[in-house]
Amino acid sequence: MREENQQLGVIRIHNLRFHTFNGVLPEERRNGQQLAIDVALTYPIEARVQHDALNETISYADVRDTIDKFVNTHSYKLIESLANELLKKILGDYAMTTHVNLKIRKYSVPMPGIFDDVEIEVAGDQVVENQVLGSPASGDEK
Numbered sequence: 001m002r003e004e005n006q007q008l009g010v011i012r013i014h015n016l017r018f019h020t021f022n023g024v025l026p027e028e029r030r031n032g033q034q035l036a037i038d039v040a041l042t043y044p045i046e047a048r049v050q051h052d053a054l055n056e057t058i059s060y061a062d063v064r065d066t067i068d069k070f071v072n073t074h075s076y077k078l079i080e081s082l083a084n085e086l087l088k089k090i091l092g093d094y095a096m097t098t099h100v101n102l103k104i105r106k107y108s109v110p111m112p113g114i115f116d117d118v119e120i121e122v123a124g125d126q127v128v129e130n131q132v133l134g135s136p137a138s139g140d141e142k
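Start counting the sequence shown at 1; every next residue gets the next number (the UniProt record's numbering).
Among the hints, erroneous ones may be present.
Simulated pairs of lysine-lysine, DSBU-like, Cα-Cα distance not exceeding 30 Å [unchecked claim]:
#1 K103 x K77
#2 K77 x K89
#3 K103 x K88
#4 K88 x K77
#5 K103 x K89
#6 K88 x K106
Computed beta-carbon distance windows for the label pairs [as the list claims (entries may be wrong)]:
#7 R29 x L54: 25 to 33 Å
#8 N31 x E56: 40 to 48 Å
#9 K77 x F115: 19 to 27 Å
#10 K69 x E119: 19 to 27 Å
#11 K69 x H14: 44 to 52 Å
#12 P26 x M96: 23 to 31 Å
#13 P112 x V49: 47 to 55 Å
#14 F21 x A53: 32 to 40 Å
#15 E119 x E27: 28 to 36 Å
#16 H74 x A40: 37 to 45 Å
By construction, these hints were calculated from the structure, which means they are not laboratory data. For clarity, every value in this text was computed on a predicted model and none was experimentally measured. We put the beta carbon where it would ideally sit given N, CA and C, even for glycine.
Could you put the whole structure together from the sequences, leaning on the hints where they help?
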């Protein structure tokens, strides 16, 4: 059952940059390359800011640290795999979120053509007791 008039907030961090060792080619994994990450965490803001206390809400710095640690301790051939595993990590670590959206951009892509970057976008909803929190409940609710 969905709460009536629930107020949601979205914390966004744009363009976190990392030098990583992800890629299919041996050179990519050996020399590394720059990736950029955008993340958006949706959460029930009214319930989390009543006391104006950082320990009751989502800390931007903690989210950044979680991403930094994960990206710098994991290596994948595909940025799709990195995105999917990082999404699971964020959903697991920040249980108060209802929805997470994550984008990862890779700038040095070994393919012909003129372009800025390649990007993968993944999104996920928090699931608690078989209920998806980020999606409207099924039924007659509008």
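Legend entry - Pair hint K103 and K88, alpha-carbon separation not exceeding 30 Å: Since the Cα atoms of K103 and K88 sit roughly 13 Å apart, the hinted pair holds (cutoff 30 Å).
Legend entry - Pairwise beta carbon distance, K77 to F115, judged against the given window 19 to 27 Å: holds (20 Å)
Inset, instruction - Verify the proposed pairing of K103 with K77, using a straight-line Cα cut of 30 Å. - result: Since the Cα atoms of K103 and K77 sit roughly 17 Å apart, the hinted pair holds (cutoff 30 Å).
Inset, instruction - Starting from the range 25 to 33 Å, see whether the pair R29 and L54 falls in it by beta-carbon distance. - result: violated (38 Å)
Legend entry - Consistency of beta-carbon spacing, A40 to H74, with hint 37 to 45 Å: violated (21 Å)
Inset, instruction - Could you say whether the range 40 to 48 Å given as a hint is met by the Cβ separation of N31 and E56? - result: holds (43 Å)
Inset, instruction - For the range 28 to 36 Å, tell me whether the beta carbons of E119 and E27 fit it or not. - result: The hinted range 28 to 36 Å is violated for E119 and E27, with Cβ atoms some 21 Å apart.
Inset, instruction - Return holds or violated for the Cβ distance of P26 and M96 against the range 23 to 31 Å. - result: For P26 and M96 the Cβ distance comes to about 41 Å; the hint is violated.
Inset, instruction - May I ask you to test the hint 44 to 52 Å on the CB atoms belonging to K69 and H14? - result: Check failed, 19 Å falls outside 44 to 52 Å.
Inset, instruction - Sort out whether K106 lies within 30 Å of K88, counting only the CA atoms. - result: holds (20 Å)
Inset, instruction - Determine whether the Cβ-Cβ distance between K69 and E119 falls within the hinted range of 19 to 27 Å. - result: holds (22 Å)
Inset, instruction - For the pair we were handed, K103 and K89, check the Cα-Cα distance against 30 Å. - result: Given that 30 Å is the threshold and the Cα spacing comes to 14 Å, the pair holds.
Violated hints, in rising order: 7, 11, 12, 15, 16; the structure is consistent with all others.
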